[in-house]
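S.K.: Protein chains in written order, with my numbering: chain R, 17 to 217; chain S, 17 to 217.
Be careful, since some hints might not be right.
Which copy is meant is left open, because identical chains are indistinguishable; a pair holds if it fits in one copy or across any two.
Stated by the list, open to error - Capping the alpha-carbon separation at 25 Å, the derived lysine-lysine pairs in DSS-like fashion look like this:
hint, residue 1, residue 2
1, 180, 75
2, 51, 72
3, 58, 175
4, 70, 58
5, 70, 51
6, 59, 75
7, 51, 75
8, 180, 70
9, 180, 72
10, 40, 58
11, 40, 70
12, 40, 59
13, 175, 59
14, 70, 59
15, 40, 72
16, 72, 59
17, 72, 58
Worth flagging that the hints you see were computed from the coordinates, not collected in a lab.
Protein chains: 2
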Amino acid sequence: MQHSSLLVQETVNNFTELPGIGPKSALRLVLYLLKSDPEYAKKLGSSIIELRDKIKSCKICHNISDDEVCSICNDSRREEHVLCVVENLRDLMAIEDTRQFRGRYHILGGVISPIEGVGPEELHIDSLLERIERNGVQEIIMAISPTIDGDTTIFYISKLLEGKEITISTIARGVSFGGALEYTDEITLGRSIISRIPYNS
Amino acid sequence: MQHSSLLVQETVNNFTELPGIGPKSALRLVLYLLKSDPEYAKKLGSSIIELRDKIKSCKICHNISDDEVCSICNDSRREEHVLCVVENLRDLMAIEDTRQFRGRYHILGGVISPIEGVGPEELHIDSLLERIERNGVQEIIMAISPTIDGDTTIFYISKLLEGKEITISTIARGVSFGGALEYTDEITLGRSIISRIPYNS
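Full structure from sequences and hints, please.
M.R.: Right, here's the structure in full:
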């Protein structure tokens, strides 16, 4: 699409670099901005610039943070001896949303993947070991995606922790709540039968 | 979703004010920005701020413009005696994309709509008449969406021009009745300009 304004063209181009935004959506956003409150455009623009400038990675758990240490690591009400190990920020956020976990997190930054050339040295495993040592962590919950790479990563970390007095668990794998058995894939259903849970009514 | 960073929360909130962007997409954009080149975030943020500050409305045709007069009105190669009257900027852009029209434009800013309470005085009709008078416009193409309101607007303007030596045409109705111009494909829209039909009220 041709734009008679260079500035519009430039802003449209900038928007289209974002994931999931094509030229038509970008134009729609730009036209919306042109009609919107000038204060809003200023607010949006500044927060984008500031975001990229100021957001830090928490030096303890690698969560995003406004300060050196994130609000979760700084929260003394959260159990320090239980760590939930996750792949990335999105998984951390998803678990936080459940409000079922009151311990702390450790973000690996991915999983070991020979196919994609990701080795253990590219993940935050060293800082995990150091944290376990320093803080006397007693329990680790591996909230890693149930894939071949995820399983490899869990196995690798559990080997490193062998001999230490730490309980390691993975999040329960099975049929999702409200899901229909007939639409569940064979591997999930098979595993959910193998790791069946004693029933207490 | 809970965010451990206030700045992330703020940017997500700002993004969700944009049309078609919900909290999940907004978070996706923010996470993308966090990983992206810092220069890119700066570029995007600045262009949003600058856009809202600097974009003007062309004082001749009401197109968006970097200057007082837009690049189309400033282009001496474009036929001054043929005006294409459109509802809005998106329609102008859609017609420009067909590369079938080499005259100039006039943006009405909408159509007469009794139901939505839009009267002729809210549209840029005065400036259209003035332009026609001043520049000796010989032909007017009504590229208005083929709806009841669109037809009313065409009728209203054609009545105002009665007695003047001006050819009035509408774009050919290759466009289906009730359809919106901006969603019409380029070929249909382009052909509808070439085979425009003399208008008889």
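S.K.: Each hint should be assessed against the structure and marked as holding or not.
M.R.: Now for the hints, and whether the structure bears them out:
no.	hint	verdict
1	180 x 75	within (24 Å within a copy, 76 Å between copies)
2	51 x 72	between (34 Å within a copy, 11 Å between copies)
3	58 x 175	neither (51 Å within a copy, 44 Å between copies)
4	70 x 58	both (18 Å within a copy, 12 Å between copies)
5	70 x 51	between (29 Å within a copy, 13 Å between copies)
6	59 x 75	neither (29 Å within a copy, 28 Å between copies)
7	51 x 75	between (42 Å within a copy, 17 Å between copies)
8	180 x 70	neither (38 Å within a copy, 63 Å between copies)
9	180 x 72	neither (32 Å within a copy, 68 Å between copies)
10	40 x 58	both (23 Å within a copy, 22 Å between copies)
11	40 x 70	between (31 Å within a copy, 22 Å between copies)
12	40 x 59	both (23 Å within a copy, 20 Å between copies)
13	175 x 59	neither (49 Å within a copy, 46 Å between copies)
14	70 x 59	both (16 Å within a copy, 16 Å between copies)
15	40 x 72	between (33 Å within a copy, 21 Å between copies)
16	72 x 59	both (21 Å within a copy, 20 Å between copies)
17	72 x 58	both (23 Å within a copy, 17 Å between copies)
Checked against the numbered hints above, the structure violates hints 3, 6, 8, 9, 13; every other hint is satisfied.
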